[in-house]
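Protein chains in written order, with the numbering used here: chain U, 1 to 365; chain W, 1 to 292.
What the hints contain is simulated information worked out from the structure, not anything from laboratory work.
Fair warning: there could be bad hints in the mix.
Unchecked claim - Using 25 Å as the maximum straight-line C-alpha spacing, the simulated SDA-like pairs for lysine to any residue come out as follows:
#1 110(U) <-> 268(U)
#2 331(U) <-> 135(W)
#3 155(W) <-> 110(U)
#4 155(W) <-> 337(U)
Here is how the chains run, residue by residue.
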Amino acid sequence: MYVAAKGGERAIENAHRWLAHERRGDRTVPDLTLAQIAEQLTLGVDRVMNEGSLYDRELAALAIKQARGDLIEAIFLLRAYRTTLPRFGMSEPIDTGAMLAVRRVSATFKDLPGGQVLGPTFDYTHRLLDPELCAHVPEKPVRARAETTQMPRVTDLLSQDDLVERAPQAAADAPVGDLTQEPLSFPADRDVRLQNLARGDEGFLLALGYSTQRGYGRNHPFAGEIRIGEVEVWFQPEEVGFAVPLGHLTVTECQMITQFRGTETEPPRFTRGYGLGFGQCERKAMSMALVDRALRARELGEDVVAPAQDEEFVLSHSDNVQATGFVEHLKLPHYVDFQAELGLVRRMRAEFEAAPQTEIREAAE
Amino acid sequence: MSERTYNFAYLDEQTKRMIRRALLKAVAIPGYQVPFASREMPMPYGWGTGGVQVTAAVLGPDDMLKVIDQGADDTTNAVSIRKFFAKTAGVRTTTHTEEATVIQTRHRVPEQKLTEAQILVYQVPIPEPLRFLEPRETETRRMHALAEYGVMHVKLYEDIAHHGHISTAYAYPVCVADRYVMDPSPTPKFDNPKMDNCAALQLFGAGREKRIYAIPPYTKVVSLDFEDHPFERYRHDAACALCGATDSYLDEVIIDDRGGRMFVCSDSDYCERRRESAPPAPQPAGTDASHA
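Assemble the whole structure, with the sequences as input and the hints as a guide.
The following block contains the structure:
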């Protein structure tokens, strides 16, 4: 009998009810609160805020809960909400030099002004499962003193004698690109590239950054500095005429320093790759810095030979909301196209079978 | 998080204006892909976000909306998009082609002839007809600018050399208004002739790729071909098992595990209308496929 997929509307409703039921899981297990997610799955929340392009811990926690822990789904939820928000304008650039750092490490200098601060890091932990976390033993809080000493950026120290290129200074009133307002076009400027990378999928950037280390666009990187901490956000409302503080953000910044052999007109010096993200996102910031530097190949006169240096390839495929949507759209019906292809294949097979044997022999020879 | 109400048809007015500007440009340059600042939508990329944004930008409170996927109103994604606009815009919806003022579609053009009072909005996954011949956007934009379409003809020629005919069954490239080569979206090539000299405005939205393009009413749309290998429509050589239509595009439905199959109209409204107006002449199930 003919049974087409009728009743799509009821099917969708029931599927969504089932989903909601599954999301909650076993009712005898207490419901997760947003505070629990925000406080204890912090790095997941950070990632969702980063790639969701919205700094709001509570909404990110809600998205993670609603997405059943699927972070890309949570990122998508946050993006779809973000896009409906009114835009007041652009904030002043944040000053990461004035950051209250909880972590600051440099791989290029043993000691430096402000010192090395390890902060809350997985580095040097032994990756042994900790059975103590299974039991609900109340843990004593530890106390830490906020670092208030001045921590000049390593790259600023090195650029004083021109060994490292200076950070590019844009004119104060120069417009900043925003690919959520203007479609991406190529060649893309560095501001737009960095925005794309900051929103880009951590796994994708990690793999690309990794590929540059393995010889696909190698540029000898050093982790000049990684810092994590709070910065103030300032905003200048048009009607006021001076900047006012809006609040604090926790960000992770990574400055990679890479070799540059120089050209006929430029002396050899170190160049920079830059990574910045919301919250604690060291892996992402480091990968971003590697890829940022690789994408500067054109600007620095290097040969574009590797995927990580290929602006169109990287920027067009970094967004996981776009990628997951398009990959997963393959489960939508494609009946009519498949029918068209099926007809074509049948026709070609009929022609193949009807072809005289001699022709096939000739083709084989 | 406080309860918030969304604007009419979800998108804010500023975004709609941006999309309308892109639409105007697209209509002014038929077949040209206009970049636009596509927004994240509450459905995934690749699931019709381009079409949804175009529909949101052209929809007014008095419109009557129809949404089809694979020609049918009751496929899940069509249901989902129709409900989205019923909820966010409160517009009336219909499944009847002739009643609709705006029709959003994925992969099909309705069988019934469209009128000047209608807009057909296509969902487009890959707007660039040259994409699989040249992956780089910088390169394909240049090729369009120079109308350098040689590679496409070479591709079609190679098809003929290898297979004896052009082996593109859907998303068959067309030339619009004697200028731009355009991807008609993955509609079966059966639908290509309907785009030519069509009375309705045809709008194409590709959300993930951030492109909009258009075919204004009564515009010349030619499927690429060669004099000695003219363009051919394809449909299964059968009549619809439900309404008996011999002129509609057919879906093949497998009905058992012994190779039994039947063919039915892909356009569900067309099929239903025919069954309502004429007593059905159902064909026995298990019609064999044959070829046009």
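Q | Which numbered hints fail | A | Checked against the structure, the only hint that fails is number 3, while the rest are satisfied.
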